[in-house]
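Student: Single-letter residue listing:
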Amino acid sequence: MADTVLNAPNIKKLSAKDFRSDQENRWCPGCGDHGILNSVQKAMAEMEYKKEDYAVISGIGCSSRFPYYMDTYGFHTIHGRAAAIASGAKCANPNLEVIQISGDGDALAIGGNHFIHAVRRNIDMTIILFNNEIYGLTKGQYSPTSNQGMVTKTSPFGSIEEPFRPAQLALGAQSKFYARSIDTSIKLTAAVVQAASAHKGTSIVEVLQNCVIYNDGAHALVTDKATKEEYQLILEHDKPMIFGKERNKGLIMGSNGKLVVVTISEHGITEGDVLVHDAHTEDPHMHWLLSSMLAPEYPVALGVIRDVDSTSYDEKMVQQIEDIKAISSIKSMDDLLNSGDTWVVD
Amino acid sequence: MSQKTKVIEREEVVIRFSGDSGDGMQLTGTQFSDTSALFGNDVATFPDYPAEIRAPQGTVGGVSGFQLHFGHQEIYTPGDYADVLVAMNPAALKSNLKWVKPSGTIIVNEDSFTDKNLEKAGYESDPLLDDKLADYNLIKAKVTSLTRECLKDSGLDQKSILRCKNMFTLGMVYWMFDRPLAHSEEFIEKKFKKYPLVVDGNKKVLKAGYNFAKTIEALPYNYSVAPAKIRKGTYRNITGNKATAWGLMAAAERANLELFCGSYPITPATEILQELAVRKDLGVKTFQAEDEIAGICTAIGASFAGDFAVTTTSGPGLALKTEAAGLAVMTELPLVIVNVQRGGPSTGLPTKTEQADLLQAIHGRSGECPMPVIAASTPSDCFHYAFEAGRIALEHMTPVILLTDGFIANGAEPWRIPAMSDLPEIIAPIAKEGDDFIPYAREDKRLSRRWAIPGTKGLEHRIGGLEKMDGDGTVSYVPENHQVMSNIRKKRVELVANNIPELKVKGNDEADVLVVGWGGTYGHLTTAVRELQKEEKSISLAHFNYIFPLPKNTTEVFGRYKKVIVCELNDGQFAEYLRSSFQDIKFEQHNKLMGLPFTVVELKERFNQLLEDK
Chain E
1 MADTVLNAPN IKKLSAKDFR SDQENRWCPG CGDHGILNSV QKAMAEMEYK KEDYAVISGI
61 GCSSRFPYYM DTYGFHTIHG RAAAIASGAK CANPNLEVIQ ISGDGDALAI GGNHFIHAVR
121 RNIDMTIILF NNEIYGLTKG QYSPTSNQGM VTKTSPFGSI EEPFRPAQLA LGAQSKFYAR
181 SIDTSIKLTA AVVQAASAHK GTSIVEVLQN CVIYNDGAHA LVTDKATKEE YQLILEHDKP
241 MIFGKERNKG LIMGSNGKLV VVTISEHGIT EGDVLVHDAH TEDPHMHWLL SSMLAPEYPV
301 ALGVIRDVDS TSYDEKMVQQ IEDIKAISSI KSMDDLLNSG DTWVVD
Chain F
1001 MSQKTKVIER EEVVIRFSGD SGDGMQLTGT QFSDTSALFG NDVATFPDYP AEIRAPQGTV
1061 GGVSGFQLHF GHQEIYTPGD YADVLVAMNP AALKSNLKWV KPSGTIIVNE DSFTDKNLEK
1121 AGYESDPLLD DKLADYNLIK AKVTSLTREC LKDSGLDQKS ILRCKNMFTL GMVYWMFDRP
1181 LAHSEEFIEK KFKKYPLVVD GNKKVLKAGY NFAKTIEALP YNYSVAPAKI RKGTYRNITG
1241 NKATAWGLMA AAERANLELF CGSYPITPAT EILQELAVRK DLGVKTFQAE DEIAGICTAI
1301 GASFAGDFAV TTTSGPGLAL KTEAAGLAVM TELPLVIVNV QRGGPSTGLP TKTEQADLLQ
1361 AIHGRSGECP MPVIAASTPS DCFHYAFEAG RIALEHMTPV ILLTDGFIAN GAEPWRIPAM
1421 SDLPEIIAPI AKEGDDFIPY AREDKRLSRR WAIPGTKGLE HRIGGLEKMD GDGTVSYVPE
1481 NHQVMSNIRK KRVELVANNI PELKVKGNDE ADVLVVGWGG TYGHLTTAVR ELQKEEKSIS
1541 LAHFNYIFPL PKNTTEVFGR YKKVIVCELN DGQFAEYLRS SFQDIKFEQH NKLMGLPFTV
1601 VELKERFNQL LEDK
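In order, the protein sequences belong to chains E and F. Take the first sequence: its position 151, counted from the start at 1, is 151 in this note's numbering, and no numbers get skipped. Take the second sequence: its position 468, counted from the start at 1, is 1468 in this note's numbering, and no numbers get skipped.
Think of the hints as simulated: they come from the structure by calculation, not from any bench. Keep in mind that a hint or two might mislead.
Now the in silico label distances, taken between C-beta atoms and shown as ranges [as the list claims (entries may be wrong)]:
1) Glu-1425(F) / Asp-346(E): 53 to 59 Å
2) Glu-1119(F) / Val-345(E): 58 to 64 Å
3) Asp-1291(F) / Gly-254(E): 55 to 61 Å
4) Ile-1438(F) / Cys-28(E): 28 to 34 Å
5) Gln-23(E) / Ala-1419(F): 47 to 53 Å
6) Glu-1502(F) / Cys-28(E): 43 to 49 Å
Bear in mind the structure is a predicted one, so any value in this text is a computation, not a measurement. Idealized CB from N, CA, C, for every residue including glycine.
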């Protein structure tokens, strides 16, 4: 798949611009989707796939307009079903680099079943989950990630539903790769999309996206200039979990099994006491704790939270077919038609 | 093989094996039919089993049956009424007695007629003791105790011994019809290869049953059914579901594409997915999806990415797939949707047959959303029509619905094996690197767009469920364009009529009555019409496999007959559809909603009535 030789002579390196289609963009001005589109195009320009090997597949919703703006093979499908359609495309041609674009309603409400099963099967594709905690295209109803108490058109007295935390759902479905970014952070989003693409298996990139019209400021603590450094923990494998404007805050494991925010050099805490991120450990416990952190009690974990080696569904599918082909005496339909109990009428 | 006192030659015989669903009756019936086919008879079979895997033992609801019809001439149905009924318990006798011919033979396992079992079956007194069965040739055999006796030193445990008792009855019936044991012995050896004691036990009991029938002279005479005069060739037995799976695989091979099947298990379609799952050796990719919707959606994804994609289901599953089927129509991607119809609505009668999904197949989607619909009519021609569904889908770039039903899907018959080279090559309009590709540009003959498969350099494009501009395929809400695109989608299906055969009538080109049927009722309609034709009645049969669009000569055929009667296992859906297409024709109807096939007897009665009515 990644056999394109980027540095080989006569192969022109692609730029983000090469991935822009000629379609007029219909997202609202100020919508977080613009930033995500730029990030993904930037990431693709850095990745080692041929342009024709990308298949960008979306469901329905604002975010699912995405394929129209990409100059790749693209499929704008139906509500909730992108994961299933992307799964089929990957099985048909495992050489494709399949990217699924879905919103929180598309992936976790109507498409919840397909989402968890794609993750469980570990089909080699990247799911970019635009999480704005609202239904935008239908003009402002609560979504499965909306907080309890949120007032929307269909919850005029406040939502009484418990929200999904997408990472918890993914980990429950045996997810092997989970990353998180924010729409305005082009560099971080591009970096985690590249890491997701490099991972074999289903990779989820949750992007905290701002809907300027129906849920403006949903992620404000994490994205506003004034507060973001205090509420962003950008994880890097093998690096200490340090954050804050002064880079003096960190996480330690409390005696009750909960994460605790500490300040370095206060109460005898040193940098050496701060937890070091291990994205590659198979045990999901720490990844669960990290991905479940909510502001303002905690910083929000960004970057690659979990990246565990695994064999993908499509690799196993191809291998099984090859193994059976090697041992079966049936090589063609004619062989099959004439196999087993047959008799001749003269 | 045995000395017969008296041999009676018969044209055809119907046997019905019945017992508790754990009694192994399906296997017993299959063994007898395979042996008869190898002997050279034409055979048709039909399993009739409860939806529950282990329904309450000994009850009427838990009875599993297998009927087979074999003969010296062409056999089109599993037969209406049985010459021989095997009943392993009182419940089997109770539920099947009405299917035995007057003075037919009934073999019962006498051991199972205990007070408890009689009560469970709802008998107030033992039918073996009173005169209720006096008009039949009743053979009482202590099958359980004879099996036990036979295997007392076999080293098998009691449970395993009792499992062999179906072989005792199979042995008895083999003797009655002078069939060799060799095929079943071989089968037993293969099936229980790893358990030599079980092989020996089953073979011993099979032989014991055979000898028992011979000793007691189970029949005052023995039936002999000579081999049928059948077209030369190599044959095999095949069920409708297996034939469907193989037809799809054959289409993939002749189209030079890989086959992808995305499906969710559902009775009675599951065997198609199972059969395809076995065929990794031929590169078949099967994807057992999380639900019916994912079944069709994975198939659509696979079609987008260049595979010959199919999804298999039954009625309720088709309902779940409808939105995605609309996406396939909108994006003009090839796809075959197989619907093995069962009794509905809702969960309905999962293991019983019906034809009541016809209008769902033709119309059951949101918006104006036409797609071709075809139907198979016998177990073995499921191969041909599955291939045809693939051919139409790939050549016309459209989803196609193939209708079969529980009756032909589970039924089996001998099938003359085709050579792959006899099947036409299927050429899908695949765009190549360097082509001047416009997503919705169309070729003239079929108005189909070309298939630019991801991975092909330079043909990157976007498709989707939104209405699109004719030609370039960009999203368009222009009112006039929606009219144009709707017209094109309709026309594309109509143009399929140029690529399918004309309707052929069985019988005279003009007659008093034209019987019209479609799909799985073919065998019963053919038999009924042929029998009436032998009686020199003025009657012909037009049986449809191509439903939407209809063959081009349909109007002309209907016009030649005085009366037209449409027979179907629903409340008149095909008749309704025909009425909307041919307003000048008066369509009579014959319908049935019992979860069962027609009987030849009921059809003849109805046709005779119509022939006599002025």
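Student: It remains to establish, for every hint, whether it holds in the given structure.
Tutor: Hints and how they fare:
The given range of 53 to 59 Å is broken by Glu-1425(F) and Asp-346(E), whose C-beta atoms sit roughly 31 Å from each other. Between Glu-1119(F) and Val-345(E) the Cβ separation comes to about 50 Å, which falls outside the hinted range of 58 to 64 Å. Between Asp-1291(F) and Gly-254(E), the C-beta spacing of about 42 Å breaks the proposed range 55 to 61 Å. A C-beta distance of roughly 31 Å is found between Ile-1438(F) and Cys-28(E), which places it inside the suggested range of 28 to 34 Å.
Range check, Gln-23(E) to Ala-1419(F): about 50 Å between beta-carbon atoms, so the 47 to 53 Å window is met. Checking the proposed 43 to 49 Å range against Glu-1502(F) and Cys-28(E) shows it is violated: the Cβ atoms sit about 57 Å from each other.
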